[in-house]
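Please build the complex by placing chains B, C and D on the supplied structure of chain A, with the hints as guidance.
This is what each chain is made of:
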Amino acid sequence: MTEEKKIKQELEEKFSYLKDAIVIKRYRRVFVNVSLEKFDEVFAYAARQMHFEALSTITGMDNGESFTVMYHLNRQGRIVLNLGINVSKNNPVIKTVTSFFAGADIYERELVDLLGIQVEGLAVGNRYPLPDNWPKNEYPLRKEWKAGASGKETQNA
Amino acid sequence: MLKAIFSILVFPGFLFLFIFSFVAEYVDRKLCARFQNRIGPPWFQPLADFIKLASKEEIIPLEADVTVFKLVPVFALTASIAAILYIPIGGERAAFSFNGDIIVVLYLLTIPTIAYFLGGWYSRSVYSMIGAVRSLTQLFAYEVPLFLCVLASALLADTWSLSEMANFYNHHPGYWFFNILGFAIALISLLGKLEKVPFDIPEAETEIVAGVFTEYGGRLLALLRTSLNIETVVGASLFTAVFLPFGFNLHHPAAIFLLYLVKVFSIIAVVTLLRSLFARLRLDQMINFCWKYLAPLALVQVVANLILKGILPR
Amino acid sequence: MSKPGKMTGQLIKSLFKKPATINYPAQRSGMAEGFRGKLKFNPKLCIGCKLCMRDCPSNAIVIRKVGEKEFEAEIDIAKCISCAQCVDSCPKKALEITPEFELANLDRMKLKVVFSADTGDDTQEKT
Amino acid sequence: MHDPGEVKIPIGPQHPALKEPESFLISLHGEKITASSVRLGYNHRGIEKACEERTYIQDLYLIERICGICSHSHSTCFVQAVEEIAGLEIPTRARYIRTLISELERIHSHLLWLGVAGHEIGFDTLLMYTWRDREAVMDILALLSGNRVNYGINTIGGVRRDIKPEQKEKVLKAIDILEERTKYYIGLAQEESTILERLSKVGTVSRQDAERLGAVGPTARASGIERDVRKDDPYAAYAELDFKVITSDKCDVYGRTIVRLGELMESYSMVRQLIQKLPDGPITIKAPRKIPAGQAVSRYEAPRGEDFHYVRSNGTEKPDRVKVRAPTLANIQAVSKMLEDGYLADIPIVIAAIDPCFSCTDRLISLRDAEKQSKNVVTWESIRLKGIEWYKKQGIDFTILNKKLAESF
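Chains as they are written, first to last, in the working numbering: chain A, 760 to 916; chain B, 800 to 1113; chain C, 130 to 256; chain D, 231 to 639.
Chain A extracted, bound-state conformation (with noise of 0.2 Å):
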């Protein structure tokens, strides 16, 4: 049985509701779709005990009505496992991954900048990648976002 199979059968057996949810779309590519509420428990597995042990970056997808928070772990630099969830958008909070992953947190000030997702429990610290002076509540990479208006503002502060 190929690696990708094993941590197909690992997870499914782990958690039961994750039977239908996990696609092998390649060698060594592996997606995983996880409910909000049951994220935590999955993803602290994932990096503890199968030993994902980096986090290559984290994707926030604007999909119209949701978002898509995207986490891509990697296990020796080989097999990536993307586990994606999907968040509202009306009151979009997800947690920090920080504590397994010390490098997340410019991640996640990205998603915070850049689609308005609110992150608990990430530190204090400089924004990214946003000039300080961005207006409020405009998120660039929502898909209802556009250019123009908002942009001049901060060029001219």
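Simulated from the structure, these hints should not be mistaken for lab results. Nothing here was measured: the structure is a model prediction, and the numbers come from that model. Glycine included, C-beta positions come from ideal geometry on N, C-alpha and C. Careful, some of the hints might be misleading.
[As the list claims (entries may be wrong)] Some chain C residues close to chain D (C-beta under 10 Å, calculated; not the full set):
#1 GLY134
#2 GLN139
#3 LEU140
#4 SER143
#5 THR150
#6 CYS185
#7 PRO186
#8 CYS212
#9 GLN214
#10 ASP217
#11 SER218
#12 PRO220
#13 ASP250
[Claimed, not checked] Where chain D lies over chain B, by a calculated footprint (3+ residues, C-beta under 8 Å):
#14 832–840
#15 918–928
#16 993–1001
#17 1042–1051
[Said to hold, decoys possible] Below, simulated BS3-like cross-link-like pairs (lysine-lysine); rule was C-alpha separation at most 27 Å, straight line:
#18 LYS146(C) to LYS516(D)
#19 LYS516(D) to LYS179(C)
#20 LYS221(C) to LYS520(D)
#21 LYS147(C) to LYS567(D)
#22 LYS208(C) to LYS241(C)
#23 LYS622(D) to LYS855(B)
#24 LYS179(C) to LYS413(D)
#25 LYS413(D) to LYS221(C)
#26 LYS516(D) to LYS169(C)
#27 LYS848(A) to LYS548(D)
#28 LYS394(D) to LYS147(C)
#29 LYS249(D) to LYS567(D)
#30 LYS169(C) to LYS221(C)
#31 LYS222(C) to LYS173(C)
#32 LYS222(C) to LYS829(B)
Coordinates of chains B, C and D only, in the frame set by chain A:
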């Protein structure tokens, strides 16, 4: 009186040094470029730079002390020009001399560094201030070996006047060779004095922008750069008198002067080679190096000269 | 192991070597064959499909119809990134890339170049 | 200064040590660093958003311009993701050419880094020599791809230019020269005392810390982490090549230098293998303009470390989401750790040692209206006029000279 004014304003004073410093800068830059396998600047580049800077607007930081800020380049320039008057360049005799002028020259050569410190400190910019502190810290490291080496040479000649020293070595040909260790140490210290790699710590570009010169621009920077170039020339001239005192008995004064030029350019060439050879040291490494190696070796030279003074025929 | 001044030999050797740099603009090194520089337009071949306009990543090219089966091209050199995607996209090979790369100009307006529909010669746009 | 013991010094956004705008605020006690903080984002250009508004073909060139040095890295990484979604299997020859360009790019990037490192420690001679030698590989890249940077060799479904037999000869010749020069630099780095003094025991980051902070590329490998996407998750033609992953357990800037120099030697051998094995065949297959809906993760070992792209398509000509994680973003978090207990003088080289590329790091955002006029905004033209006016008042007039200059072109 007229002769004195001529010495101060024309030769070997202001005008001569002014032109000579441009030539020295050109030689330094061109050689450095050739060492680095580049073409390098055309001959008029230093002059063009000077004119460009001199025609630029002067910008003085809001928080800077205007008087000190403006006076510093003038201080630095005058001190280095004053120093050359006591250094014999066209023969055994300098324009002026008295017993003890070695000390005066050495201190006149310290004034530019102190001036840079003041200029940097009163610029009130963090980079300038750090540069100022660094230049002063560095001063204490290279000054000791430099002074010791010059004094060692004076000890052997048993005089405190540069002109008499030249006279002594001229009448005892070959004696200057005993100072060769001191010469080497002094050359390395000179790199520190002129703030060149590996001791360009006070103006380390990648760390503190330009150190004390960060806030300077326009005419003031032109003056500062000229004073640094003049310092190079004066330093090299001092070395020719102290460490390479030979050939003063040539028949023609022009020949003696030509020999002097050759000596100065050789020293500049060595300085250029050294500055293209190394990476910049850190301040702590530089101080360690100066106190651990240079100062003890300079002391060895002093002790050796004291012994030699007793043995050698006078 | 540690040797100060390891590069001395190399430096002295360089003194007697020809410099690696050249005195631009008096001397020019030129570019390799196939270098992507300024575009060239051949109006005889153009069929006005405007595929080049659609694929251009920086909207630097405009094809205009000036008569029956006659087209002229306007290229904004300031916008053109010399990727030559238009050359690949063109089904009739009406566009070509030349190795000319010294395209800077003191006047921004002179960077707009129009290739006439008759001869394909380029003229700077007068505005 | 109220507290004479502590000075806060800004390194950036404009600073000679940084080639790109990024800001480090350093607290100093004397020459010692007591605290540091980093502010990124000055280079944010809105590329991720812009990608969503352009076609795949246009995105290719946009992505390529994320960064000048690792342009091929980003474009290959992106194009691999798109090809994976579209289910395109590109020809072997195209894979080899892509790999060849990527190794040449690594050579060019590492030589550039060596020069920059030399400059940061005040060794300008080293800078001049390495950049002189780098011209050899730049010429080769210009010959093969048509440009010195932003090669534009990739297209969806293959590569755009083929390699001719006589070009192979030139590549091999240049590689011979470069190999000899690199051996010299390896000797230099191991023996020149001022280099050793400045690089050893500077900017250390232990293996545990590097792992915890997610360091990638040569930064991670210099801390003993044997990780290289080319080996771990082979793409393009790397599975068919024979090469070693260079690591060092020195954990400091010196280790990073040695790792990069070692990688140069590996790259030379790889380029030779690629030229030798280069199979015949087509260089491209036809790709659809509309990419079917799907998602893909693509990884690529850029000269600076793991480059990571995520692409989601929705069945149109334009992608739905493009996410780019450049290696510098992963490494920048280790910099604060490296700066701890260091000296002010070490800051430039420590920052340079991760080979930062801030353009890569800050991609996204807003295309601003360039036509905007405002009273507060000073245009370039008005600054120029003011300058001319000022000089005229001083009695200096450059207009005649300018005209002559303009005529001479």
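Query raised in the report: Which hints from the list above does the structure break, by number from lowest to highest?
Result: 12, 13, 17, 18, 21, 24, 25, 28, 32
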